[in-house]
Structure formats: structure tokens, C-alpha cells
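Protein sequences appear in the order of chains A and B. So for the first sequence, our numbering puts the first residue at 1; every next one is plus one. So for the second sequence, our numbering puts the first residue at 1; every next one is plus one.
These aren't lab readings, by the way, just hints derived from the structure by calculation. Be careful, since some hints might not be right.
To be verified - The following label-pair restraints were derived from C-beta to C-beta distances:
id, chain 1, residue 1, chain 2, residue 2, range
1, A, 231, B, 139, 25 to 33 Å
2, B, 131, A, 5, 22 to 30 Å
3, B, 30, A, 255, 54 to 62 Å
4, B, 54, A, 363, 31 to 39 Å
Yeah, the Cβ is synthetic: ideal placement off N, Cα and C, and Gly gets one too.
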Amino acid sequence: MDSLLALTVANLRSFVRDRAALFWTIAFPVIFVVLFGTLFGGGGSADFQVGWVDQDGTPASAQLMDAFAHTGLLTLKVTDQAAGLASARDGTYDAVIVVPKGYATAVGAPRGSASTPADALALVLYVDPSHTANAQAIGQIVVGVTTGVNQVLTGQAPVLTVQTQPIQGEATLSGASYYVPSILAMAIMQLGIFAAIPLVQQREKLILKRLGATPLPRSTLVGSNVLVRLVIAAGQTAIILAIGIAVFKVQVTGSWALMAVFVALGALAFTAVGYVIASFARTEEAANGVTQAVQVPMMFLSGVFFPIALMPDWMQGVARLLPLTYLADALRQTMVGGSPYAPLAACFVILAGWLVVCFGISARFFRWQ
Amino acid sequence: MTSTAAGRGAEAAPDADAVVLCHDLRKRYGDLEAVAGVSFTVRRGEVFGLLGPNGAGKTTTIEILEGIRDADGGDLAVLGLDPRRQARQIKARIGVQLQTSSLYPYLTVSELIELFGRFFPRHLPLAELLDALDLNEKRDAQTRTLSGGQQQRLSVALALVNDPELVFLDEPTTGLDPAARRALWDVVRDLRRRGRSVLLTTHYMEEAEALCDRLAIMDHGRILDLGTADELVSRRFHERAVHFEHVAALDDARLAAFAGVDRVAHEGDEVLLYTSDVPATIGAVLAATDALGVQPAGLAVRQASLEDVFLDLTGRALRD
Numbered sequence: 001m002d003s004l005l006a007l008t009v010a011n012l013r014s015f016v017r018d019r020a021a022l023f024w025t026i027a028f029p030v031i032f033v034v035l036f037g038t039l040f041g042g043g044g045s046a047d048f049q050v051g052w053v054d055q056d057g058t059p060a061s062a063q064l065m066d067a068f069a070h071t072g073l074l075t076l077k078v079t080d081q082a083a084g085l086a087s088a089r090d091g092t093y094d095a096v097i098v099v100p101k102g103y104a105t106a107v108g109a110p111r112g113s114a115s116t117p118a119d120a121l122a123l124v125l126y127v128d129p130s131h132t133a134n135a136q137a138i139g140q141i142v143v144g145v146t147t148g149v150n151q152v153l154t155g156q157a158p159v160l161t162v163q164t165q166p167i168q169g170e171a172t173l174s175g176a177s178y179y180v181p182s183i184l185a186m187a188i189m190q191l192g193i194f195a196a197i198p199l200v201q202q203r204e205k206l207i208l209k210r211l212g213a214t215p216l217p218r219s220t221l222v223g224s225n226v227l228v229r230l231v232i233a234a235g236q237t238a239i240i241l242a243i244g245i246a247v248f249k250v251q252v253t254g255s256w257a258l259m260a261v262f263v264a265l266g267a268l269a270f271t272a273v274g275y276v277i278a279s280f281a282r283t284e285e286a287a288n289g290v291t292q293a294v295q296v297p298m299m300f301l302s303g304v305f306f307p308i309a310l311m312p313d314w315m316q317g318v319a320r321l322l323p324l325t326y327l328a329d330a331l332r333q334t335m336v337g338g339s340p341y342a343p344l345a346a347c348f349v350i351l352a353g354w355l356v357v358c359f360g361i362s363a364r365f366f367r368w369q
Numbered sequence: 001m002t003s004t005a006a007g008r009g010a011e012a013a014p015d016a017d018a019v020v021l022c023h024d025l026r027k028r029y030g031d032l033e034a035v036a037g038v039s040f041t042v043r044r045g046e047v048f049g050l051l052g053p054n055g056a057g058k059t060t061t062i063e064i065l066e067g068i069r070d071a072d073g074g075d076l077a078v079l080g081l082d083p084r085r086q087a088r089q090i091k092a093r094i095g096v097q098l099q100t101s102s103l104y105p106y107l108t109v110s111e112l113i114e115l116f117g118r119f120f121p122r123h124l125p126l127a128e129l130l131d132a133l134d135l136n137e138k139r140d141a142q143t144r145t146l147s148g149g150q151q152q153r154l155s156v157a158l159a160l161v162n163d164p165e166l167v168f169l170d171e172p173t174t175g176l177d178p179a180a181r182r183a184l185w186d187v188v189r190d191l192r193r194r195g196r197s198v199l200l201t202t203h204y205m206e207e208a209e210a211l212c213d214r215l216a217i218m219d220h221g222r223i224l225d226l227g228t229a230d231e232l233v234s235r236r237f238h239e240r241a242v243h244f245e246h247v248a249a250l251d252d253a254r255l256a257a258f259a260g261v262d263r264v265a266h267e268g269d270e271v272l273l274y275t276s277d278v279p280a281t282i283g284a285v286l287a288a289t290d291a292l293g294v295q296p297a298g299l300a301v302r303q304a305s306l307e308d309v310f311l312d313l314t315g316r317a318l319r320d
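Just need the whole structure built from these sequences, with the hints factored in.
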């Protein structure tokens with residue numbers, strides 16, 4: 001017990017004094033939280049400032065403006081083309097929509113002819129392609145609205161609808177409420193998987209061998225490493241939660257105790273994944289490569305940055321297998337009451353399953369020298 | 001088991017005195033027979049050396065005895081215990097310095113010594129170890145900032161942290177400058193003074209000569225010879241040579257008639273008189289040159305060294 005404590009303190013000291021380790025486990029996720037919180041923290045719907053240039057000036061064009069305003073996604077500012085484009089260039093507007101002269105005539109034309117290329121009339125949408133996300137989002141909205149209008153005009157569909165976000169449950173979460181638990185899950189995943197690096201380092205530098213020449217049991221060594229990861233996970237959770245609550249007004253509506261259980265279980269399961277990597281990676285370089293190859297795809301396929309429901313089917317199939325999917329889901333459920341991807345009990349069983357299987361694999365294949 | 005090991009041992013050492021009994025130790029890595037039947041005994045209170053080039057099997061032998069590597073075969077006892085079944089008990093009572101220093105880079109010297117102390121039921125006070133290894137100045141330095149010599153001293157300090165009865169030092173002075181090497185020799189001598197036993201490996205002859213009460217010369221996984229440095233030399237080289245610059249007036253026939261001289265040889269300008277009685281031969285040389293009114297320039301006595309022993313045993317130099 002004494003040696004377990006001493007070794008844990010020594011490992012924690014090493015961790016805190018190693019600036020690189022500290023950056024990746026603490027600063028990196030904090031940067032993500034701040035970044036995503038700031039970008040998407042304003043609520044579920046984006047609000048774009050769009051210049052509205054009506055060169056037609058007819059009731060029909062006014063109706064079209066109503067249709068756009070109705071989506072609630074765009075704030076339209078009536079302007080002329082020159083001033084509108086100037087404001088777009090200086091960043092005041094995210095985009096400018098121009099309704100060309102002849103709009104009323106075109107939409108008033110006999111049914112069917114509007115869809116023929118010769119008579120079709122183009123709305124002009126000015127966007128800044130360097131702001132890819134904004135440009136795409138606004139483009140989607142405009143296409144959605146015009147499709148609706150076209151359907152009305154051609155009589156193929158009676159109702160004009162715009163699907164704000166084609167996500168079911170997550171749409172109710174504000175951006176920050178979605179990202180804070182997700183990024184906490186990502187941080188715990190990285191913390192655990194990166195356990196492989198110091199392990200391989202200590203094996204390469206023969207520190208493990210030197211410890212093996214003392215009466216210290218190996219169970220104490222493993223126990224200490226696990227304890228270290230749990231302590232750091234607790235620290236990460238505290239820091240990320242504090243920023244989420246203080247800066248982004250995330251409200252913890254779920255159970256603190258359940259959240260703690262999942263933080264601990266997640267840290268254990270991913271540390272076991274780290275041990276599996278350390279079992280097969282012989283050099284530090286190899287371990288670095290493998291951890292990246294595992295953690296980067298996992299980060300993007302587990303619903304941390306994009307809700308899983310938005311992914312193509314094959315990707316959803318992959319996401320269904322990944323432990324991070326269930327840790328992020330469980331943390332969203334327990335922290336902010338996010339609607340479940342999987343029931344909490346299923347999340348628990350799947351994470352525990354990863355823990356047991358990875359522990360078994362590393363018990364069989366881990367080399368001390 | 002221990003008694004049979006000693007009974008069949010290569011040398012007749014009294015059992016009660018032995019801290020290491022190693023009989024017919026074998027270890028194979030794939031096709032390479034790293035240790036091919038090694039037998040020796042380390043007596044309580046002596047400094048025993050394994051001398052040989054890299055790849056001779058020294059480290060494998062020592063690591064098997066430390067309980068951190070498994071043997072393929074052989075009868076072993078360390079402090080009367082079996083390294084295969086009682087490694088934990090052995091590790092509590094021995095001190096180990098590995099060939100490659102292996103430390104936590106971000107811990108300070110005193111933190112590391114205290115950490116290792118906690119692994120043992122009993123340990124020496126930090127101050128005593130810092131003093132003994134001359135590490136007081138560096139006590140608060142992180143180990144990654146230490147020089148090679150300081151790291152080596154620290155790794156010896158860690159080997160002594162539990163005040164061990166038996167200390168294993170694997171190439172303790174490799175890569176050290178002469179001053180640092182001599183400082184470590186003093187540490188080893190101090191251990192012997194305090195009645196501790198030491199098993200060390202080295203590929204430095206002068207180190208083996210300076211430190212070891214007895215030593216074994218190893219090559220290709222085998223012990224080629226074993227004994228005190230003097231025994232090893234005199235077993236092969238009975239004669240020493242008196243040599244000086246050749247004096248024309250003294251021909252070989254005359255030189256061969258000098259007291260004690262067995263054989264006359266030439267090496268460049270030098271004449272070598274192999275003799276079993278050095279003082280008598282020197283006396284004869286001085287008398288003869290004096291009579292001729294000349295000085296025997298460069299008069300000296302050449303004695304065979306461990307280097308010659310190694311050359312004689314293996315046909316090649318120890319360091320090449």
C-alpha cells in the first residue's frame with residue numbers, strides 16, 4: 001500500500017512536470033471546449049445576417065422575403081446591391097441574396113414553364129467561400145426555401161417547409177451542452193489511450209525492468225498507473241466542467257454520481273485500450289503512431305463533433321462499435337440530460353465489456369522488458 | 001539443491017560462505033547460446049568479477065541471478081534462495097544496478113531515492129546515500145539534467161537503498177571519465193570494507209585488477225578461467241621478462257648464460273630475457289653492462305597482464 005501510494009505520487013509528479021503530457025491532457029481539451037463552445041454555444045439554431053436586395057420590388061418578391069424570414073435562421077437586412085456586397089466584404093453580413101428584376105413575371109408564368117431552363121430565374125446568393133461552414137449552411141437554407149417555393153409554384157407540394165436540423169433529440173441541446181460532455185469524453189479517451197506512451201517509454205528506457213528488480217509486485221505497478229489515470233481524469237472533468245458551467249452556462253441537470261461512475265469507467269476502459277496498444281507497440285514512435293491511428297478516427301466517428309444521426313449509414317455502423325460513442329452518450333445523458341443514443345445500462349455494459357476484453361488481451365500479451 | 005550445486009561446483013568453496021552458487025547455468029536466445037554452462041561461486045564478503053567482451057554472456061548471467069530473467073537450466077542459489085521460485089525474497093535483500101541506467105526523467109535525485117526506499121521493507125536514510133555517492137549537490141535536480149557520471153552514481157545509490165547483503169553491478173563504470181570511475185571504485189571498496197558481497201561485470205581489465213578479489217574470464221557464454229588476478233596470470237605466464245635496448249657486445253649465447261634466464265628473444269631494438277628470477281637476472285645485466293662501461297638503456301621488467309591472459313585464452317584482444 002505504501003509503495004502503491006509512493007509510486008502513484010511519483011507518476012503524478014512526472015506527469016505534471018512533463019509539459020507535453022500536461023498540454024495534451026488538460027490544455028488541448030480545454031481549447032476544444034472553448035473553441036466549440038464559442039462557435040456553437042449560442043443555441044440550437046444559427047443566426048446569419050443576410051443582406052436582402054430586392055430588385056423586383058413586387059408583392060411576389062416581398063412574399064419570398066417572408067418565406068426566408070420565416071425560417072428563423074436568417075436575419076434579413078434590406079439593402080441595395082452595392083452596399084450589401086460592401087457589408088458582406090467587411091464581415092457585417094454573412095451573405096447577400098439578390099432577387100433580380102423580373103421575379104414576379106417569372107413566378108407568375110404559366111405552370112410548368114418555370115421549370116424549363118429558358119424561363120427559370122436565378123436568385124443570386126453571394127457568400128464568402130472562405131467561411132466554408134457558414135457558406136454551406138446558408139446555401140442549404142436558400143436551397144431549402146427555394147425548393148419549397150418551387151414546389152408551391154409548380155403545385156407539386158402544397159406546403160413550404162424547411163427542416164432546421166434533421167436531428168431528433170440533439171437538436172434540443174444547446175451547442176455548448178452538446179460539446180462540453182462530448183469533449184470531456186474525448187479528453188478521457190485520449191488520457192486513457194495515451195497511457196500507452198509512458199508505458200512504452202518506461203519499457204524502452206528499462207525503467208520497468210529496473211522496477212522489476214525490486215520486490216515491488218507487478219500488480220502494484222499496474223494499480224499505480226490506473227490510479228494515476230483516474231486522478232487525472234477527475235482533474236480533467238473538474239476543469240472542463242468548470243469552464244462549461246462558468247463560461248458557457250452549461251447546466252448539469254443529470255446525476256453527478258452517475259456522471260462520476262461513467263468518468264471512472266471510461267478512464268478505466270480507455271486505459272485498458274492504452275495497455276493493449278503498449279502490448280503490441282515495441283517503440284515509442286510505434287506507440288505514438290498507433291495511438292493517433294486509434295484516437296483520431298474514434299474522435300470523429302463517435303458523435304463527439306457531429307451527432308451520429310447526421311452520419312451516413314456505414315459510418316453509423318462503425319460508431320455503433322466504438323467505446324467513445326457510449327462514453328460521450330452516457331456523459332451527455334448524465335450531465336445535461338441529452339436524449340439517449342443508447343440506454344445508460346447499455347453504455348455501462350459496453351464500456352465494461354471493452355475494459356474486460358482489453359484487460360484480458362494485455363494480461364496475455366504485455367511485455368515488461 | 002544448493003548443496004548439490006556446490007558439491008558439483010567448479011571450485012571447492014565452503015557452502016556456508018557462499019552468497020551466489022551458480023552451477024552449469026544455461027540460457028539460449030533462439031539459435032544463440034548466450035550462456036553455455038557457467039559455474040562459479042561468490043563468497044560472502046568478496047568482490048567477484050565477470051570479465052569479458054560485450055556479448056560474452058555476463059549480463060545474461062547476472063540478470064538471471066537477480067531474478068529478472070529466466071534460466072533454461074542450471075542449479076542456482078542466491079543468498080541460499082532459488083531465483084526461480086523465491087525471486088521476491090531475493091530482490092528484497094540484493095541491490096541491483098542495471099547496465100543501462102533507467103530513471104524517471106522528471107523526478108529529482110532525492111525523490112527517486114526515497115521512492116525506491118519505499119519499495120523495500122527496510123531502507124537507508126536519504127542523507128547517508130547522498131553522502132556515500134556524493135550526490136548532495138544534485139539532490140533537488142531532476143534526473144534528466146544529470147551528467148552520465150551523476151546518473152551512474154544515482155543508479156548505484158538506488159542499488160544500495162535497501163542496504164543489501166549482495167550487490168550486483170553490471171558494467172558500473174562504462175562511459176565514465178577516469179575521475180568518476182575511481183570514485184565508483186571507492187564505493188565498491190567501501191562496500192567490501194563493510195562486509196557486503198559484490199558481483200560485478202566489466203570489460204575493463206584495470207577495473208577487474210583493481211577491484212576484484214576473484215574473477216572469471218568469460219567469452220561466448222563460457223567461463224574460460226577463474227581465480228585471483230595473480231593466479232590467472234601466473235597460471236599461464238610463469239616467467240617475466242627483463243628487457244633493455246640491445247647492447248652489441250652482449251650476444252645471445254652470453255645473455256642466455258645469465259642467472260635465471262630461460263630464453264632470449266628480440267623485439268625490435270629490445271632484447272628480452274625471460275626469467276624465473278627477476279632480481280638475479282637484473283643483477284647479471286647490471287654487472288655485465290657495468291663491466292663494458294655502458295648503461296642498459298630502458299631497463300625494465302615486463303609482467304603478463306589480464307590482457308595477455310585474455311589474448312592467450314581467446315586468441316584476440318579484450319578491447320578491439
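Hint by hint, here is what the structure shows:
no.: 1; hint: A:231 to B:139: 25 to 33 Å; verdict: holds (27 Å)
no.: 2; hint: B:131 to A:5: 22 to 30 Å; verdict: holds (27 Å)
no.: 3; hint: B:30 to A:255: 54 to 62 Å; verdict: holds (56 Å)
no.: 4; hint: B:54 to A:363: 31 to 39 Å; verdict: holds (35 Å)
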